[in-house]
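Given chain A's structure and the hints, the job is docking chain B onto it.
One letter stands for each residue in the lines below.
2 protein chains.
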Amino acid sequence: MKVSDVGERALISVIHRLQAIVPMGYLGIGDDAAYLPPSDLGWLVSQDMLVEGVHFRWDWMTPEQLGEKAVAVNISDIAAMGGVPKAILTSIALPADTEVERVERLYRGMAKALDRYGAVLLGGDTVHSPSEMSLDVAVFGQPSVTGPILLNGAKPGDRLFVTGRLGAAHAGYTLLSHGVRWPSTSIQHRSVLQAHLAPVARVEAGKQLGALAHAMTDISDGLLSEIRTMTRFGGIGVQIDADKMPIDAATRSVAKEYGEDALDFALYGGEDYELLAAIPPSRAQQAEQLCLQCGVPITEIGVVTDTLGIRVMRAGEEIAVDERKSYHHFTVDPD
Amino acid sequence: MKVSDVGERALISVIHRLQAIVPMGYLGIGDDAAYLPPSDLGWLVSQDMLVEGVHFRWDWMTPEQLGEKAVAVNISDIAAMGGVPKAILTSIALPADTEVERVERLYRGMAKALDRYGAVLLGGDTVHSPSEMSLDVAVFGQPSVTGPILLNGAKPGDRLFVTGRLGAAHAGYTLLSHGVRWPSTSIQHRSVLQAHLAPVARVEAGKQLGALAHAMTDISDGLLSEIRTMTRFGGIGVQIDADKMPIDAATRSVAKEYGEDALDFALYGGEDYELLAAIPPSRAQQAEQLCLQCGVPITEIGVVTDTLGIRVMRAGEEIAVDERKSYHHFTVDPD
Chain A
1 MKVSDVGERA LISVIHRLQA IVPMGYLGIG DDAAYLPPSD LGWLVSQDML
51 VEGVHFRWDW MTPEQLGEKA VAVNISDIAA MGGVPKAILT SIALPADTEV
101 ERVERLYRGM AKALDRYGAV LLGGDTVHSP SEMSLDVAVF GQPSVTGPIL
151 LNGAKPGDRL FVTGRLGAAH AGYTLLSHGV RWPSTSIQHR SVLQAHLAPV
201 ARVEAGKQLG ALAHAMTDIS DGLLSEIRTM TRFGGIGVQI DADKMPIDAA
251 TRSVAKEYGE DALDFALYGG EDYELLAAIP PSRAQQAEQL CLQCGVPITE
301 IGVVTDTLGI RVMRAGEEIA VDERKSYHHF TVDPD
Chain B
1 MKVSDVGERA LISVIHRLQA IVPMGYLGIG DDAAYLPPSD LGWLVSQDML
51 VEGVHFRWDW MTPEQLGEKA VAVNISDIAA MGGVPKAILT SIALPADTEV
101 ERVERLYRGM AKALDRYGAV LLGGDTVHSP SEMSLDVAVF GQPSVTGPIL
151 LNGAKPGDRL FVTGRLGAAH AGYTLLSHGV RWPSTSIQHR SVLQAHLAPV
201 ARVEAGKQLG ALAHAMTDIS DGLLSEIRTM TRFGGIGVQI DADKMPIDAA
251 TRSVAKEYGE DALDFALYGG EDYELLAAIP PSRAQQAEQL CLQCGVPITE
301 IGVVTDTLGI RVMRAGEEIA VDERKSYHHF TVDPD
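As given, the protein sequences belong to chains A and B, one line each in that order. If you number the first sequence the way full-length UniProt numbering does, the last residue is 335 and the count never jumps. If you number the second sequence the way full-length UniProt numbering does, the last residue is 335 and the count never jumps.
The shape of chain A in the complex, shown without the other chains (with noise of 0.2 Å):
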């Protein structure tokens, strides 16, 4: 059954059944517009949207494992601001010969990821598409009490902490891109291509490092690329101990296989969506402390300084770097 055979009610109904029922106070699919109840913390919204044969192919993941990365990509945006997900929207636009089951399998794994992180499907718009599919999430949150937490605003002497590992999800896209597939016989396969095609979006991390932090982001285009957006403001600079980086034994096993330097896909490697934060020395061991308690590894990986620019040491010597290198860029097409 193809989409061009039930029309847009038909499938509504299917991706409506899907859903989780809305919490009280909210509005959700069947009208104008949805709703989302007073808070008096106002809202956080973002908007990401993910284009077939750019951000995703059909044979590298389940219609299953691009539902959750929608839904993890956006709500990945929340955790950096140190918010708590409530809903998305979501744009779908579908070329006529998509199986309608390949749509329900998609939603199917945006629901699983929404209950995941306790957010509800609210609406959104499903039209068609003349060629690729191409899917548009806009993601609602309530920022911590303390307010959002903002990209710029740390200061010298912050301490620049990751959570989790650095490199994986481009690990995982260089094994894909060799036509390695989910799931591979390999453990460490199995690890970095769980890194691309399945991020988690840090939100508990978030909660807890927004409270402490003086600037926070997530990173989907690449550390240098994150820190360099960091620090663009306030005449501040970075230096990170390359040797301290969280590159696991899975991600420098599958660089090594391909003749490439693990830290190369721990700097420019995109979609990791883990956490990146400036946080003050004093507060640093606190900051370790909490993200352990609720499971999240956190790493120092440098510290901010108050010269200009990036600086990567490496076993005590300077190494240059690329700043304008990113692995996902706008201006080229995925190979």
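There may be inaccurate statements among the hints.
Stated by the list, open to error - Across the chosen pairs, the derived CB separations fall in these ranges:
| # | chain 1 | residue 1 | chain 2 | residue 2 | range |
| --- | --- | --- | --- | --- | --- |
| 1 | B | Leu292 | A | Glu99 | 50 to 56 Å |
| 2 | B | Val145 | A | Asp40 | 14 to 20 Å |
| 3 | A | Pro183 | B | Val145 | 53 to 59 Å |
| 4 | B | Cys294 | A | Ala96 | 40 to 46 Å |
| 5 | B | Arg232 | A | Thr146 | 43 to 49 Å |
| 6 | B | Arg57 | A | Gly295 | 47 to 53 Å |
Claimed, not checked - A short list of chain A residues far from chain B (calculated; beta carbon distances all over 12 Å):
| # | residue |
| --- | --- |
| 7 | Ala20 |
| 8 | Arg102 |
| 9 | Asp115 |
| 10 | Gly118 |
| 11 | Gly157 |
| 12 | Gln194 |
| 13 | Lys207 |
| 14 | Ala211 |
| 15 | Gly235 |
| 16 | Asp243 |
| 17 | Arg283 |
| 18 | Leu292 |
| 19 | Ile310 |
Unchecked claim - A short, non-exhaustive set of chain B residues, derived as facing chain A with CB atoms under 8 Å:
| # | residue |
| --- | --- |
| 20 | Pro38 |
| 21 | Gly42 |
| 22 | Leu44 |
| 23 | Gly124 |
| 24 | Glu132 |
Note that these hints are calculated values from the structure, not bench results. Where a beta carbon is used, it is the ideal one built from N, C-alpha and C, also for glycine.
Chain B only, in chain A's frame:
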């Protein structure tokens, strides 16, 4: 200059420069997420996607018109809830060979429309598209103190009112399908092309009608299609007087020119973006006066009945209607 020559950051700068200053309390472009300040009334949210070749064609309209229309059709959903628009997010998927100038003109049209409606652009996403451009807008508005006006809630005896004129947008669409282009030399052509290419969201009328109506929606999919949705619950139906339908001379003239019945344009034609409201008889006169005061004519076209179904009367006789017909089906490509 193509978008592939400048990259995402430069493009965001172009977009950013065109926008109005974000009001105090809001957080706009540049961080992981935007921020809407607390509102005692909560927030209305809606999302509508426009895809090249499905919802718009570059040989039919200017980039400015597309930007204005993308904003207007989204704000129309806020107006349909009796609300006032405050902000939008916009995701845009751009083919690599898109001229930067075209993107700039599109966002200029958006900025113009936002200014008109008193709303601002707070952020969004810019991504690569392998084929068509698509444009997804999420809109945020505040309901009135009496709360959002829902689609369902009409009661037997309520009068059905519509704002403005009906069928004009489909008359414009008919002209465009037959090769007539904006700006045409004919004043009547211009009038209906305007309805299709540059619809106006009825925000002021929506506020006034919202305070009086039992139910309200905007007419995006055609009058009968919207009435069907409005009457899906509650065991109600509608009787319409086709002779009262606000079909103007320009629409009648275009229908005649192409051997069509102007009433069909009004009943089934999509994209009028006028409001449809069910108002108790005791408030009907007040509704007419309030709308006249804000410069929007409204017309009583029928009555809500306690019999299921939609009856359309013309010159005292009931005429056959195809309740499933709509000129804007998901299942078909526009011709």
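Each hint tested on the structure:
no.	hint	verdict
1	B/Leu292 <-> A/Glu99: 50 to 56 Å	holds (51 Å)
2	B/Val145 <-> A/Asp40: 14 to 20 Å	holds (18 Å)
3	A/Pro183 <-> B/Val145: 53 to 59 Å	holds (54 Å)
4	B/Cys294 <-> A/Ala96: 40 to 46 Å	holds (42 Å)
5	B/Arg232 <-> A/Thr146: 43 to 49 Å	holds (45 Å)
6	B/Arg57 <-> A/Gly295: 47 to 53 Å	holds (52 Å)
7	Ala20	holds (18 Å)
8	Arg102	holds (16 Å)
9	Asp115	holds (20 Å)
10	Gly118	holds (17 Å)
11	Gly157	holds (23 Å)
12	Gln194	holds (23 Å)
13	Lys207	holds (14 Å)
14	Ala211	holds (16 Å)
15	Gly235	holds (18 Å)
16	Asp243	holds (28 Å)
17	Arg283	holds (21 Å)
18	Leu292	holds (24 Å)
19	Ile310	holds (16 Å)
20	Pro38	holds (5 Å)
21	Gly42	holds (5 Å)
22	Leu44	holds (4 Å)
23	Gly124	holds (5 Å)
24	Glu132	holds (6 Å)
When the structure is compared with the earlier hints, no violation turns up for any of them.
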